[in-house]
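A.B. asks: Residue numbers (my numbering), protein chains in the order written: chain A, 2 to 687; chain B, 8 to 119.
Just so you know, these hints were derived from the structure itself, not from any lab. Treat each hint with caution, since some may be false.
[Said to hold, decoys possible] Pairs of lysine-lysine, PhoX-like flavour, derived with a Cα cap of 25 Å:
{"hint": "1", "chain 1": "B", "residue 1": "103", "chain 2": "A", "residue 2": "609"}
{"hint": "2", "chain 1": "A", "residue 1": "644", "chain 2": "B", "residue 2": "91"}
{"hint": "3", "chain 1": "B", "residue 1": "103", "chain 2": "A", "residue 2": "565"}
{"hint": "4", "chain 1": "A", "residue 1": "198", "chain 2": "A", "residue 2": "208"}
Below are the chains, spelled out letter by letter.
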Amino acid sequence: MIKLPKIHTGKLSLISAVLIWLALLFVDITRIFGELNQLGSGISPEYSYALEILFFITVYIFYDYTINSNKNTEFLELIWRGASTGLLALTVSLIIRGLYFLLGDGKLAMDPLLRNFFYHVNFALITIFLISTLILWRRLILYQKTKRIVQQWQAFEVILLMSMFFVFLNNNSLDYSFLFGMVFMFIFSISLSVNLKWIPYLTFKEKWKSILFFLIILICTIYLFTQLLSYSDTELVFVNLTDNLFLIALFGFIFIYSLFSLLVTLFNLPTSSVFEQKLTEAINFQRLSQSIKPGQSENQVLDILIDSCMSASYADAGWIEVIDDNLGLQIVHRRNIKETERAKIQTHVESTSPFNAFKWDNPKNEFELYQGRISQGGFLSALMLPLVTNNQTFGRIFLLKEVKEGFNKEMLNIISTFVGQACISVENHRLLNEAIQNERYKEELQIAQRVQRSLLPEKLHHDEYFEICGFSEAADEVGGDYYETQQLKEHEFAVIIGDVSGKGTSAAFNMSQMKGVFQSLVQLHPSPRDFMIKANKALSFCLERQLFITTTYLIINTLKKTIKFSRAGHCPTLYYDAKLKRWDYLSIDGMGLGIIRTDLYEDFVHEKTINFNPQDLMVLYTDGLVEASNEHREEFGYERLKKLVDKHHNKQPEEIQKLIIEGVFEFIGKNQRLDDDYSLMVIKFL
Amino acid sequence: MLKIDIQIEQQMHLLILKGEIDASNSVDLDSAIQSIFAQDCSVILVDGRELDYISSAGLGVFMSYLDDFQEKGIQIFIFGLAPKVLQVFEILGLDKLISIRPNKEDAMALVG
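Only chain B is shown next, with the shape it has when bound in the complex (with noise of 0.2 Å):
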């Protein structure tokens, strides 16, 4: 079960994911991640601290995403990762091209 919400904060989108993400719903992660997309914005950050589960199906659609951003010069960050949704993004180096924070208020300092 995965659900996204989306909300605006100070010109920030927040992407809120609760549960978890595998090959069955990772389209409606893509078409989330679209519908900012067609709104004006500079910075999504998404709040991880209840996604569960992310399988390799939903690293793809933020790995297919990176382009797209780094294009249209918008920044993205992801906080709160449990553990061991975290080590899945490390472990595939997606960390390296994502800036992972353990809070809210840390990925916030990031913006710029």
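Just chain A, with the same shape it has in the complex (with noise of 0.2 Å):
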């Protein structure tokens, strides 16, 4: 298969002019010479005027695309191409006038076919210099373009398309109909070339150089066009093709853009500096607003704020102090001062009214803004305010003026909103600081939280005579109940539940040491209640004043089928016996750990040994599951957990566990949380 080549528009528009162009030559020149020798080669002005149209195309779509085919070209690179390519043409030009001075009144001057060849030289180059000049001009018009000028653009290039064709009228002679095209176009020019929105966004430098291109255009379209019209009047042209509507047209219009460019943009000199400082203000702003990024600092956004302010309000000199939490008031950054005069002309302002009412802790500075007359190391007038952020003044920037009352209105506005989105930046990076923070402390709790579930048991000692799980739940990550069981000896089992007072990280702490005191004493085999004497006694040495421990603990030996147990202010144990078929709380007294932390405990806590046959259901809990609450602020309660079991109790102890827990939650409802841990075991005997 054939693979077409790419076209490439640039070249072959490129090719195609200059060969109509010779075409275009040859077709005059052959016409010439056939006048002259009245040989009457009969070729009509139609098919040069034809050529010539076709050559306006090809060299428009040339320049079309050369030029938009680079889209981020400068106004002032634009402005350039127009007055280097008129310049091009004007010394073309010039070159051939110069040629005939010298020639003089020579034979060959008056050669007709050398004539007509500069003529057409001079054309193109005319063309040329006026269709890029045409297309450098519609990016300027189209800057910042509204739908509007686009469609009066798109009208003018097909009332100039048309105008190409209007040669075939009037033969490019004067008549009415061309005055009138012509007017018309000029008006249209003229409502096209008021759209110069680009001119204040050239820099001041840049407007004079666009000044100078302009100046070069005007000369060169003048120059060119006065060139033209002598053309006109001269008979050696046989067919004219440069009295065209089109390129008169055209001529006018590059003329009155250019005419107005210049005088606008000579106007706009005086205030193009207003402008640029707006521009900058704006950067600024944006620079302030944008500075909190990884890794910057609240110093880099101070730097910014102190440059911003300075240029804002052409300060001669300035400077931050900031508090800082270890070093105090500090200067963070100094302009145009050195450090003994500032200190010198700070402690002068700061006697000075108004700046005297300042105080670091008024909670209003946030909209103080201090500003008055100083007179101290040649400044005469100084501005102050307040950096403040979450209400909380954090520092102060100073600005000095060599002049009086140097600083207006307008400068206090912009100052005042640098001010305030540099504050706005601080605070943004203070809150993003914190919030870093706060996810680092997630995370540990989180540790902590799978720590803390690794230290209850993943599995429960027992035997073949009973059966025991238990569950744990911490209202915040992390809780202070507490369970686990120990074998002691072949058919002797301990069992602990314990509840911390409080809850969340302060009570898992405590909840682990009395793992570890339960750990501990078990190795010895006590007996409950001295079980509970000794943690009491440990326990009085590292729980804080305020804060106890309630425990139960027992011991279950399955083969004398007894249970031998201990109460330390814990809820009492919810036991059913499967013979008489009842439920009932173990009663037994008994005082929490640490709150008495003598040997008097010694007097306050029992012991009890009961029985157990197979069937019996033994329910152990923290207060979290009896106290928990429903809307209506009642507890779910012993009475409610004893009638729950009674259900129940002939079923496996997960599924009791699982029914409890259920329980618990469709009495507080779904809307509710338990505000405090719970804990449960059930052990069944068999």
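Build the complex from these two chains, which are given one at a time in their own frames, with help from the hints.
C.D. replies: Okay, structure coming up:
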């Protein structure tokens, strides 16, 4: 398959333009040759006109392509392109004129063929200059375009296209229709030429350059136009190509737009510094609001702030003072002033009204602005603004000028805005840091949660005479509930459930202490009462004064079928006697651990032994379960617990445990959450 | 919500507790007892008639002052506790250390 080569618009249009121009030259010269020799070649001028139009169009396509292919060209570069093309056409035209001047009245000077050749060269260069500039001007006019301007421009291009064909109507002679068309297009050009929005964006220097370039373009336009007019008077040209409505209209348009641009640029010169200033302010504002980036610090924000404020107010000197948590007042940014001088001036300023009214702890500092006269070190006016985040003044910015009343209202406005924005940036920065810190705490808590989970046993010790299961849930990430088992002998098991007062992290720490106490004491195989006494003693040394731990400790002997137990302030164990078919709370006196921290505690803790039978059930729990309350502040309570388990006594321990938890949550309602840790152990004897 | 009121009646300090004592407001109870300590006092009567709930943190406050009461010879009595609240004191064993009476008269009778 034959691959079509990629069509390169630029090259193709350039080559065709050159070929068309050569064809035009050839046709015209052939005609002149025929006329001169009375051969009557009979080539009608319409052929030339058609070729001329084709030439216009190909040149247009070429420039449209090359100029628009580079979208990011600066305005100045565009104007220079126009000026340079004009200069080229001008120079070539001058050279031709010079050549004829040198030839004088010689025979060669009168040769119509040579003259015609140069006429075509001039025609081509003028066309190139005009069309390329047209396309350049289009870029300028359509800068910040609206739909209306685009439509207007498109209409203009259509009219230009139509004007090319006008030649077939009047054969490039000056008549009323020509004049009418010309006037119409001039008016259209004027209405287009008011689109000069690009001018303010030039800097002062660029404006001067563009004025120069426009002058060049104007001169070229005027010269080339007169040159063109001079041809229409000569008899040497047989087919007039240049008295074309299209070219004349283009001359008009380019001249008018260049003139407008030149004048407007000239009048814009004095105000350009204001526009530049505003533009810098806008950019500074943007920098301040974007200044919080990863890795950037408050200091960088303040650095931008002082520079922005200095440039906005044309201040001669300035500095920023901030409060550092560790170092106290610090000067962080100092501009155009020595430290010794600065210290002197600050002392002076602080003792001068209105600056002496400033107070660091004024909650309304955010809206304060201190401005006044000073006379120290050559400075005559001063401005001071507090820097405030979150109602706290963290610093001050000082600006000094060597003139009296150097800060006007506009400057104050813009500086207040800068300061406000900088403060927001600093605040954002601080909030971000806080958020990162909080995130870290959260992670730490998650670690704590994992560690605490691992403190609760995965498997509970038992033998074939009883089954056991346990469950614990903290209200917060971590909690103070605890349960564990240990095998003492072949048929003897220790079971403990405990609850540290309070909840959350502090309770969690004490819960782990309780685990340590249990694991140590259980090695000594103490009786339940002994366990309590020793645990109380141990905890007395390490528990904060207002904290206590409640616990129930029991020893199950599956050989003797006995349960020996002791209670230390803990919720009484619920026991189901399968023979009597009765649920009861195992009542025994016993004080919580850590309440009495002397030997007197021994008087307040007791021990009891009961016998169990197969099918008996035991439910151990913490107060979070019975104190769980519903939306009416009603507690789940001991009676409800008893009734609930009564219905399910013949089920498996896991099932009973699940039903209790479900029952509690059903009671408190869907929208309530438990505000205390709760734990549960169910033991069933076989 | 917890409302604490302190009244002085015949050289006795009456500590009136209304509402619920939990971890968030147990500090208030603590400072109330502190302020009684600051004054010259020998008997504290705690009016618990309108106390709806006391958490372990609230019990901890009472507990932490037991030694101080004994040391300074201050007698403390609680009266009028709702059964539910009384049960909390009993389960923990605090009723063995602080005299709890059903009403003010019974509590006053113990003063001496």
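A.B. asks: Honestly, which of those hints from before does the structure not fit?
C.D. replies: none
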